[in-house]
Structure formats: C-alpha cells, structure tokens
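Based on the hints, put chain B in the right spot on chain A.
Protein chains: 2
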Amino acid sequence: MQIAVLTFDGFNELDSFVAAAILNRLKGKGWAAHITSPEPEVTSMNGVSVRRQKPLEFAAEADAVLIGSGIRTRDFAADSALLARIRLDPARQLIGAQCSGTLLLAKLGLIGELPACTDLTTKPWVLEAGVRVIDAPFVAHGNVATAGGCLAAQYLASWMIARGASLRDAEEAMHYVAPVGEKSAYVERALAVVRPFLPGSESLAA
Amino acid sequence: MQIAVLTFDGFNELDSFVAAAILNRLKGKGWAAHITSPEPEVTSMNGVSVRRQKPLEFAAEADAVLIGSGIRTRDFAADSALLARIRLDPARQLIGAQCSGTLLLAKLGLIGELPACTDLTTKPWVLEAGVRVIDAPFVAHGNVATAGGCLAAQYLASWMIARGASLRDAEEAMHYVAPVGEKSAYVERALAVVRPFLPGSESLAA
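Residue numbers (the working numbering), protein chains in the order written: chain A, 1 to 206; chain B, 207 to 412.
Careful: at least some of the hints might be erroneous.
To be verified - Straight line, CA to CA, 27 Å or less: simulated DSSO-like cross-link-like pairs of lysine-lysine: (1) A:LYS123 x B:LYS233; (2) A:LYS123 x A:LYS107; (3) A:LYS183 x B:LYS329; (4) A:LYS29 x A:LYS107; (5) A:LYS123 x B:LYS329; (6) B:LYS233 x A:LYS183; (7) B:LYS329 x B:LYS235; (8) A:LYS54 x A:LYS27; (9) A:LYS29 x A:LYS183; (10) A:LYS27 x A:LYS123; (11) B:LYS313 x A:LYS123; (12) A:LYS54 x A:LYS29; (13) B:LYS329 x B:LYS313; (14) B:LYS233 x B:LYS260; (15) B:LYS235 x B:LYS260; (16) B:LYS313 x B:LYS235; (17) B:LYS389 x B:LYS233; (18) B:LYS329 x A:LYS29; (19) B:LYS329 x A:LYS27.
By construction, these hints were calculated from the structure, which means they are not laboratory data.
Just so you know, these numbers come straight off a predicted model, no measurement behind them.
Extracted from the complex, chain A is given alone in its bound form (with noise of 0.2 Å):
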C-alpha cells in the first residue's frame, strides 16, 4: 500500500505524522505512507519545515489517501485551482479525512449526506459547507472515512490497516506506538472504535 498523507502550509503535525508513522509501521509489508505536499517544503502551524516526500498530484495514483489538517485549510478549500489537483476515487482507495481536512474532503464531494467528524474548531466550518458532523472521533462509510480531534489520527491509521491488510496487523501496529503498560488498553480501544466500520460488521450493514 502507497498512502499519500496530504499534507499543507500550516499543518498540524499531530495529524500528519501520528497517521503516517502508524501506516509506516508495515514497512515490512511494503506499505509507505509518504507526506504529499503541493509545494516542495511545508510549514507547520509551529513553524516547523518539511520537505515532501511526493507531490500533490500522487494522491491520485496512491492507493490510499489521508487529508491531514492545519491552520490554513479555510483558504485551501476556496482554492478551486488546487482542489482540481487532488484526484481521489473512492471506488478504488481508502481515503481519510482528520480534522479540518474533514472540509477539503467535503468540497471535493465526498462525503455528501453522510455524518462526518472533525475537531471542535473546525466543526463551525464543516457545517457551513452542509456536512452532518457527528460527536465521535472516527466514523467510515465503505471506503471513506473522517476523524476529529488530533490524536483520533490512530484510529484513521488502524482503520486503513484493519482495511489493507489484516485487524491483526492495525493490532500489532498500535500495540507497537502505545504508551508502556497501556498497550492492552489503547490496542483494545482503537480495535473497538473501528471495528464497526469494518466490511462484515453488523453496524456496516446498519
């Protein structure tokens, strides 16, 4: 699995990197979660520069995509020339929202009249643009998935996992980043939230 983690000018970091260092997790397996950017170097919201390891255009060709967040997506999501850069087919790929990246995958009309989550800050925005926001932090719908709130970036990371290769693996890759004697803890919980999104759960089928 390549996965493109979108990643803009004002970034937050939490939701770019606690996503993609999870997904890398399977590097063994050959999967690579590479941070795609429209420019060359990134800010963060912090202030910190990183340089993309893929332009913006491969979200187009990954096999999965994960839109990260940051202080400056309002602007992005008035930006029609580089919404028209981001080619994602959900019949094809996995694709994640976390956060305000929750806005960008409603302008590229993805998620339509389905619930959605994001963070509390973003959530006015999200409404404006006529998404159902829900109070949970990770709900997917088939192929699509949102989160809210920056560290509901593991659960985006175990869903796509769970999806892509085995609820054994998103198991072993969070019992892996989890906090020493919390493992069983965070690894049951994060099982927990995605479980009913997974094809042949019950709540799927609901």
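Below, chain B without anything else, positioned relative to chain A:
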C-alpha cells in the same frame, strides 16, 4: 518557556512531534517548543526531512529539554563528541526523555540509580547501560522525567506543562488534542499519570 526537543537523524516522528505539538498549545503564554538538532536538516526513520529550528547547543540555554527517540540512538549514545554538545542542568531545567532518549539521558549521567521508562525495543540497551527500567509509561524524579512507548509523549508534555505552567493548562492542552468524544477520558488519564510526580503530591515525597 523555551523548550528544546532534541531530534536526531533517524528520529521517530511520534516522539518529537507529539510532545512538541502539545507543548506549543501554550503559544499564547509565550511557550515555544523547537525541533533542536545537531545538523541543519534531520531525516526521520521514515525518510521525512525536517529543517531544525534550533542547533543542539540551544539545549544549554532552554528552560526545558525533551530528548526524542529514533533508530540511530545507540550510535549517538556512543558518540562522545556529540554527547559533549548536549549540556543540561537539572537544577535549572525540566528535562524529559522518551523511549531511546532514555539511553542518551543515562549516558549524560542524569539517571543514575533511579528507575526510568523506555520502550520495549530499547529496553535491553538501557538495561545494559545500568538503568533500572520499570514497566510504566511515565516516571519523574524531581526535574527529570522519562516515558516509554511513542504515544507516552503526551505524558511528558503534560508533566512539563503542569510543572512549568499549571495542571489546568495541561488539562486544556490535552483536551484540545484528544479525540472528539473521548476528551474527558484522555484528560483524566494524562492527569492521573503525571499528578503523582508534581510537587506537593504524596508519591513525590515518598
């Protein structure tokens, strides 16, 4: 509070960025966490190149220092020229180390006989360096704290905020980054982990 987040080549993104992003929630109070590295650019264990915000020598003048983790820490722990560039003063500074960062802290002579935390991969090397490793996500002795497991970075940050600002500030920072719908649980757990190590607590006195 000016905080140096020591970040070396091969660094684990979770360890450096989770802590830094949480600490930077206090920007409004004049706090700033800086990615602090020996070279102008460092590349993570997953190939992400980041421009440093401060040189390694900044650690000596910072109010607080966090030592991140990575896949090359064993090399750095054997590099006496590099270690000599890291001048820390636990009498004046709050100092924390995460996962393999605990090995560097031990080499810098700041752990001694006290029990410390680290991750499961680094544990054998830390034991080899003569450190007593405990099966816990976080421990602090006065101004020196250690954490084990990538996502335990949230506890290092919470402790540093509680020590340098207030418990209320730590609560607010954790509330912001926690997943939607799980905010109380995250805040309560973080406070429960760090509270025993704050001045005035009974455990600290013990």
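Tested hints:
1. This hinted pair checks out: LYS123 (chain A) and LYS233 (chain B) have alpha carbons roughly 22 Å apart, not beyond 27 Å.
2. Note on LYS123 (chain A) and LYS107 (chain A): the hinted pairing holds, with a Cα-Cα distance of about 14 Å set against a maximum of 27 Å.
3. Proposed proximity of LYS183 (chain A) and LYS329 (chain B) is supported: the alpha carbons are some 16 Å apart, at most 27 Å.
4. Of the supplied pair hints, the one linking LYS29 (chain A) and LYS107 (chain A) is violated, its CA atoms being roughly 33 Å apart against a limit of 27 Å.
5. A distance of roughly 42 Å separates the Cα atoms of LYS123 (chain A) and LYS329 (chain B); the hinted pair therefore is violated under the 27 Å criterion.
6. Proximity of LYS233 (chain B) to LYS183 (chain A) is assessed by CA-CA distance (about 31 Å); at most 27 Å being required, the pair is judged violated.
7. Between the alpha carbons of LYS329 (chain B) and LYS235 (chain B) the distance comes to roughly 36 Å, so the proposed pair goes past 27 Å and is violated.
8. Taking the CA atoms of LYS54 (chain A) and LYS27 (chain A), the gap is about 17 Å. The hint holds against a cut of 27 Å.
9. For the suggested pair LYS29 (chain A) and LYS183 (chain A), the alpha carbons sit about 22 Å apart, so the restraint of at most 27 Å is met.
10. For the hint linking LYS27 (chain A) to LYS123 (chain A), the alpha-carbon distance of about 34 Å lies beyond 27 Å, and the restraint is violated.
11. Distance restraint check for LYS313 (chain B) and LYS123 (chain A): the Cα-Cα separation of roughly 47 Å exceeds the 27 Å cut-off, and the hinted pair is therefore not satisfied.
12. Between LYS54 (chain A) and LYS29 (chain A) the CA atoms are separated by roughly 20 Å; this keeps the pair inside 27 Å, and the hint holds.
13. In summary, the hint linking LYS329 (chain B) to LYS313 (chain B) is supported, as the alpha carbons are separated by about 14 Å, within the 27 Å threshold.
14. A C-alpha spacing of about 17 Å is found between LYS233 (chain B) and LYS260 (chain B), which places the hinted pair at or below 27 Å, so the restraint holds.
15. Proposed proximity of LYS235 (chain B) and LYS260 (chain B) is supported: the alpha carbons are some 20 Å apart, at most 27 Å.
16. For the hint pairing LYS313 (chain B) with LYS235 (chain B), the CA-to-CA distance comes to about 33 Å; that exceeds 27 Å, so the pair is violated.
17. Pair hint LYS389 (chain B) plus LYS233 (chain B) holds up; C-alpha atoms about 21 Å apart against a cutoff of 27 Å.
18. At most 27 Å may separate the alpha-carbon atoms for a hinted pair to count; LYS329 (chain B) and LYS29 (chain A) meet this at roughly 25 Å.
19. Restraint check for LYS329 (chain B) and LYS27 (chain A): satisfied, since their Cα atoms lie roughly 22 Å apart, inside the 27 Å limit.
The structure fails hints 4, 5, 6, 7, 10, 11 and 16 (numbered hints given earlier, in ascending order).
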